[in-house]
Amino acid sequence: MSKTTQETESQNPNPNIILFLCRWCSGKGADLAGTSRLQYPPNVLPIMVNCSSRIDPQHVVEAFLEGADGVLITGCNFGDCHYKTGNYKTFRRMSILSKLLKQVGVSPKRFRLTWISATEAAKFAKTVTAMVDELKKLPPYKINGKGGEEL
Amino acid sequence: MSRVGVFVCHCGRNIAHTVDIEKVVEKIKDVDEVIHIESNMYMCSEPGQTVLKDAINKHNLDRVVVAACSKDMHEDTFRIATKEAGLNQYLTEMANIREQCSWVHEEKDKATEKTIRIIESTIEKVKRNQPLVPYQIPVTQKALVIGGGVAGIQAALDIADAGYEVVLVEKDSTIGGKMAQLAETFPTLDCSQCILTPKMVAVGRHPNISLLTNSEVENIDGYVGSFKVRINKKPRYVIEEKCTLCDDCVSVCPVIVHDEYNVGLTPRKAIYIAFPQAVPANYIIDPNTCLGIDPLICAKCKEVCEPRAIDFDMQPEIIEEEFGAIIVATGYTPYPIESIGEYGYGTIHDVISGLEFERILAANGPTQGVIRRPSDGKIPESVVFIHCAGSRDPAKHLEYCSKICCMYATKHALQYKHLVHDGTAINFYIDVRTAGKDYEEFYKRAAEEEGVIYIRGKVSELLQDGERILVRGVNTLTSEAVELHTDLVVLATGLLPSEGTKEISNILKLSCDNKGFVKEAHPKLKPVETAIAGVFVAGTASGPKDIPETVAQASGAAAKAETILSSDFMDRDPVIAEIDENTCGVCHTCIHVCPYGAIYYDEPLNKIVVREALCEGCGSCASACPSGSIELRNSTYESISASIKALLRSG
Ligand code: FES
Chain A
0 MSKTTQETES QNPNPNIILF LCRWCSGKGA DLAGTSRLQY PPNVLPIMVN CSSRIDPQHV
60 VEAFLEGADG VLITGCNFGD CHYKTGNYKT FRRMSILSKL LKQVGVSPKR FRLTWISATE
120 AAKFAKTVTA MVDELKKLPP YKINGKGGEE L
Chain B
0 MSRVGVFVCH CGRNIAHTVD IEKVVEKIKD VDEVIHIESN MYMCSEPGQT VLKDAINKHN
60 LDRVVVAACS KDMHEDTFRI ATKEAGLNQY LTEMANIREQ CSWVHEEKDK ATEKTIRIIE
120 STIEKVKRNQ PLVPYQIPVT QKALVIGGGV AGIQAALDIA DAGYEVVLVE KDSTIGGKMA
180 QLAETFPTLD CSQCILTPKM VAVGRHPNIS LLTNSEVENI DGYVGSFKVR INKKPRYVIE
240 EKCTLCDDCV SVCPVIVHDE YNVGLTPRKA IYIAFPQAVP ANYIIDPNTC LGIDPLICAK
300 CKEVCEPRAI DFDMQPEIIE EEFGAIIVAT GYTPYPIESI GEYGYGTIHD VISGLEFERI
360 LAANGPTQGV IRRPSDGKIP ESVVFIHCAG SRDPAKHLEY CSKICCMYAT KHALQYKHLV
420 HDGTAINFYI DVRTAGKDYE EFYKRAAEEE GVIYIRGKVS ELLQDGERIL VRGVNTLTSE
480 AVELHTDLVV LATGLLPSEG TKEISNILKL SCDNKGFVKE AHPKLKPVET AIAGVFVAGT
540 ASGPKDIPET VAQASGAAAK AETILSSDFM DRDPVIAEID ENTCGVCHTC IHVCPYGAIY
600 YDEPLNKIVV REALCEGCGS CASACPSGSI ELRNSTYESI SASIKALLRS G
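Quick note, the sequences are listed as chains A and B, same order. Taken in order, the first sequence gives residues 0 to 150; the numbers are from numbering that gives the first Met the number 0. Taken in order, the second sequence gives residues 0 to 650; the numbers are from numbering that gives the first Met the number 0.
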């Protein structure tokens with residue numbers, strides 16, 4: 000199957016995305032999306048932690064091993080982390096991880112890191128919707144398949 | 000084996016209209032270790048909480064999941080109920096199925112499926128929670144108020160009157176803020192100075208208030224009950240105790256600069272007092288323009304100063320103190336109207352800002368309260384007031400309404416009519432917004448009784464035409480173009496968060512809205528609290544406000560601060576890092592990762608130790624530890640991965 004057909008057809012109508020939220024900014028942004036009744040697809044499965052820096056890169060790997068089609072990490076904007084510098088650490092750790100994931104054949108579309116402030120409900124809903132739309136175009140993530148996927 | 004109880008809230012129809020609660024109950028009922036499940040119309044209601052408490056006892060539950068709204072809304076409610084039922088409150092967790100599920104999805108089957116997964120993952124988490132006891136920290140019974148405008152003044156006075164010590168820090172040389180620059184206040188036309196200065200004096204002499212002017216907060220660490228604050232008290236170069244306010248120095252000072260108090264309409268010297276009623280009543284040398292400080296080439300003031308009050312070698316003083324609570328009252332700054340190109344502010348002399356007009360109207364202003372226009376000192380026969388200058392213009396300027404401009408433009412027009420009886424006052428407005436006690440009446444008085452003309456419409460450009468100003472605009476009620484000549488134009492400028500507001504929110508890591516104003520913990524129910532416990536906000540630091548609202552908020556913030564100061568101890572969240580000494584390899588990784596210096600190496604014992612009082616519970620160390628030996632309580636590696644697995648379990 001050529002790449003174009005692969006990407007245009009909906010290959011995976013129901014991708015599962017693990018969504019990490021920090022409790023201070025991105026969690027509040029996600030709550031505000033609710034309060035403002037912004038709609039986004041139900042494919043994101045949220046886990047709230049105190050700070051994005053609590054997320055161990057191994058948690059991301061584990062999510063993929065458990066069958067997630069994507070992982071979305073969200074945290075406060077730079078300078079806004081409730082714990083001063085947590086999000087910088089997240090950024091460093093997850094940047095390395097994303098290279099690693101790419102090397103072992105996980106499409107970069109499946110792993111995202113983004114900063115959402117407590118007021119950026121619209122950005123939150125948009126980011127989630129965009130990621131779900133992207134992942135619908137990819138086949139379900141299978142770890143057992145040989146050779147990884149087309150990046 | 001745990002004994003988990005699950006309580007699913009309908010939240011009226013808020014959750015139930017997109018989530019099939021019955022199906023959720025059916026599904027969760029069979030989950031391992033779930034002993035009891037029920038749903039309730041409103042879990043947060045008194046009867047709902049009783050249901051929870053009764054079930055804990057009846058079924059001997061040792062873990063609880065309440066599937067309802069966001070933790071921010073009701074975590075405390077359910078934890079307190081848990082505690083009342085005799086179970087440790089940290090064994091209750093909330094699953095957010097409203098803000099992050101029922102409100103954001105429309106398809107019922109999918110929202111139901113997602114709800115089931117969220118609850119299952121919360122069950123996995125709570126099963127791994129350990130009972131924790133909040134530990135107690137002593138409270139420093141002293142408050143810090145940042146900003147000495149009317150909000151800071153009121154808050155400081157209230158707290159001091161309640162019997163607590165207050166340190167009031169102000170950047171400028173005097174307290175008083177913007178209100179001290181106003182001529183009269185709406186809707187009563189009270190003289191602003193006359194009502195403010197008694198409060199300023201009260202601050203100056205209150206035994207419980209230490210006033211630090213010309214000072215800035217440089218750093219804040221710690222947490223509610225004990226914030227550690229570093230304040231830089233910059234040198235005044237005038238010894239306060241020695242200065243007799245004789246004014247001799249001012250007459251000999253050769254440096255002339257714009258006077259900030261009069262918004263640049265008059266000059267001042269490099270040594271000056273902001274205005275006669277300044278508190279503290281002291282001169283100050285402006286080090287940026289003085290010729291005496293570095294290098295010393297002038298010193299004329301020093302020569303004439305008989306009491307020898309001038310000290311060019313004065314050094315900044317760093318003050319480090321602890322506070323139990325902090326009030327941020329850092330105010331606003333007017334919108335920079337020079338950016339509204341079509342109004343020609345800065346090139347047309349007689350186009351001025353609202354604040355400049357205040358000074359012109361003020362009895363202690365540059366014209367002693369006679370309305371004279373800046374260009375030639377003539378008394379204007381007509382004045383045009385433009386509302387919403389820079390506000391409600393999402394395409395080019397501020398999108399929001401600055402709330403006070405309609406009222407102050409109306410006040411300006413009235414004041415002008417009172418001083419120039421046969422003058423013409425014309426207000427251009429988009430809408431006249433008069434929500435406030437006696438505000439509508441005030442506007443009616445201007446428009447109907449005192450002959451102020453209101454034209455609905457925007458001014459599109461202002462042009463100098465000989466000695467007068469040509470005003471071009473449109474009357475949106477008649478759809479006709481308007482062209483008229485006037486002698487003076489006053490722009491009712493909008494409000495922006497001040498530099499100080501930005502700096503303090505940076506230092507404190509306060510969350511701000513997209514305009515840069517400090518965000519309240521809840522816009523309706525927690526209007527003076529911020530996201531950080533123990534930090535409160537008052538006045539225009541959190542958005543445009545008039546004086547009554549500012550003062551009310553300041554008193555509210557003061558009362559909130561007093562609740563903290565009135566207790567000797569405070570509970571502190573025990574969700575902090577914990578080390579497993581048996582597996583810890585003493586590699587020091589966590590020490591470098593911790594943003595609070597809360598982890599240290601105990602050399603004699605050769606082990607890594609967490610300073611509990613300093614740990615804030617971010618968990619950064621836990622994800623850095625190569626041997627998994629440091630964990631965040633109730634948010635361990637294992638607990639998070641169990642939640643991930645539950646979320647992905649196929650249905
Ligand atoms: S608290 Fe949000 S990223 Fe650290």
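Just so you know, these hints were derived from the structure itself, not from any lab. Hints should not be assumed to be uniformly reliable.
For lysine-lysine, the following BS3-like pairs were computed, each having C-alpha atoms within a straight-line distance of at most 25 Å [unchecked claim]: (1) B/Lys107 / A/Lys135; (2) A/Lys98 / B/Lys70; (3) B/Lys644 / A/Lys108; (4) B/Lys443 / B/Lys416; (5) B/Lys443 / A/Lys125; (6) B/Lys241 / A/Lys83; (7) B/Lys402 / B/Lys301; (8) B/Lys508 / A/Lys83; (9) B/Lys443 / A/Lys136.
Note that the coordinates shown come from a computational prediction; the quantities given were computed from them, not determined experimentally.
Right, here's what the structure says about each hint:
1. For the given pair, B/Lys107 sits about 20 Å from A/Lys135 by alpha-carbon distance, which is consistent with the 25 Å threshold.
2. Proximity of A/Lys98 to B/Lys70 is assessed by CA-CA distance (about 34 Å); at most 25 Å being required, the pair is judged violated.
3. For the hint linking B/Lys644 to A/Lys108, the alpha-carbon distance of about 21 Å falls within 25 Å, and the restraint holds.
4. With a C-alpha separation of about 14 Å, the suggested pairing of B/Lys443 with B/Lys416 holds against the 25 Å cut-off.
5. For the given pair, B/Lys443 sits about 46 Å from A/Lys125 by alpha-carbon distance, which is inconsistent with the 25 Å threshold.
6. Between B/Lys241 and A/Lys83 the alpha-carbon distance is near 44 Å, which puts this suggested pair outside the 25 Å criterion.
7. Restraint check for B/Lys402 and B/Lys301: the C-alpha separation of about 47 Å exceeds 25 Å, so the hint is violated.
8. Note on B/Lys508 and A/Lys83: the hinted pairing holds, with a Cα-Cα distance of about 7 Å set against a maximum of 25 Å.
9. Taking the CA atoms of B/Lys443 and A/Lys136, the gap is about 62 Å. The hint is violated against a cut of 25 Å.
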